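Sequence order for the protein chains is Y and D.
As numbered in our numbering, the first sequence has no gaps in its residue numbers, which increase by one up to the final residue, 112.
As numbered in our numbering, the second sequence has no gaps in its residue numbers, which increase by one up to the final residue, 229.
No wet-lab data here; the hints were simulated from the structure.
Please note that the accuracy of each hint is not assured.
Chain Y regions said to be covered by chain D (calculated; three or more residues, Cβ under 8 Å) [what the hints assert, rightly or not]: (1) 14–23; (2) 43–54.
Derived BS3-like pairs: lysine-lysine, alpha-carbon spacing no greater than 25 Å straight-line [what the hints assert, rightly or not]: (3) Lys1(Y) / Lys68(Y); (4) Lys42(Y) / Lys111(Y); (5) Lys107(Y) / Lys42(Y); (6) Lys121(D) / Lys42(Y); (7) Lys121(D) / Lys107(Y).
Note that the structure is a prediction, hence the values are computed from the model and not measured.
From the three backbone atoms N, C-alpha and C, an ideal C-beta is built for every residue, glycine too.
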Amino acid sequence: KQEVTQIPAALSVPEGENLVLNCSFTDSAIYNLQWFRQDPGKGLTSLLLIQSSQREQTSGRLNASLDKSSGRSTLYIAASQPGDSATYLCAVNEDSNYQLIWGAGTKLIIKP
Amino acid sequence: NAGVTQTPKFQVLKTGQSMTLQCAQDMNHEYMSWYRQDPGMGLRLIHYSVGAGITDQGEVPNGYNVSRSTTEDFPLRLLSAAPSQTSVYFCASSHRNVHTLSSYEQYFGPGTRLTVT
Chain Y
1 KQEVTQIPAA LSVPEGENLV LNCSFTDSAI YNLQWFRQDP GKGLTSLLLI QSSQREQTSG
61 RLNASLDKSS GRSTLYIAAS QPGDSATYLC AVNEDSNYQL IWGAGTKLII KP
Chain D
113 NAGVTQTPKF QVLKTGQSMT LQCAQDMNHE YMSWYRQDPG MGLRLIHYSV GAGITDQGEV
173 PNGYNVSRST TEDFPLRLLS AAPSQTSVYF CASSHRNVHT LSSYEQYFGP GTRLTVT
């Protein structure tokens, strides 16, 4: 059974630092992996989606990588800002029925 | 586009009451799903639908019913509310590439915060 793990559960860094969030999954047979952002009391916003054939995706200051063989993905945030404070979740789609398997998230706090 | 909309935003129920959480999307997505989110846990899939007239169970379906009479709407019914169903409920929609079968990104509604006393 696929399991998705995000470590650490919480992270606090000073503004301006570059940082990496980690996501690991137990079964490498995935279709894609998606990173989401969730603000307190709000819904989820999709940040990046990496198809299984891709190694990375970039959007602005965000870069997500995927290493299927090792069951790992990272979300790199450059030049962090207080507005980046949120919970970041990763989820894998492991077959063609659209279902996502979720990590529990990393709560990120960027200190001004 | 309004995207994915959910109503109500907040709801308090007494044990044993029933209610329907509404979800609608205007993106013509074939796939819709309901998740619940509990503190310290990842989202868990309740029910999903791959098209009008087709629904299936997810990881935690007990106590919930769904129907999909149109592409746009996917309501979630709580049959007899229990305190264990206190949670935040999210509806999501997506479509996929029919050639590669890879799903495109999922779009989420703002959530419904449900408390059962």
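For each hint, the structure was consulted:
1. 14–23: Violated - the region 14–23 of chain Y has 0 residues with a Cβ nearer than 8 Å to chain D, which falls short of three.
2. 43–54: holds (count 7)
3. Lys1(Y) / Lys68(Y): OK: lysine 1(Y) and lysine 68(Y) at ~16 Å, within 25 Å.
4. Lys42(Y) / Lys111(Y): holds, 21 Å
5. Lys107(Y) / Lys42(Y): holds, 14 Å
6. Lys121(D) / Lys42(Y): holds, 10 Å
7. Lys121(D) / Lys107(Y): Distance ~23 Å between lysine 121(D) and lysine 107(Y) Cα, so the pair holds.
Violated hints amount to a single one, hint 1; each of the other numbered hints is respected by the structure.
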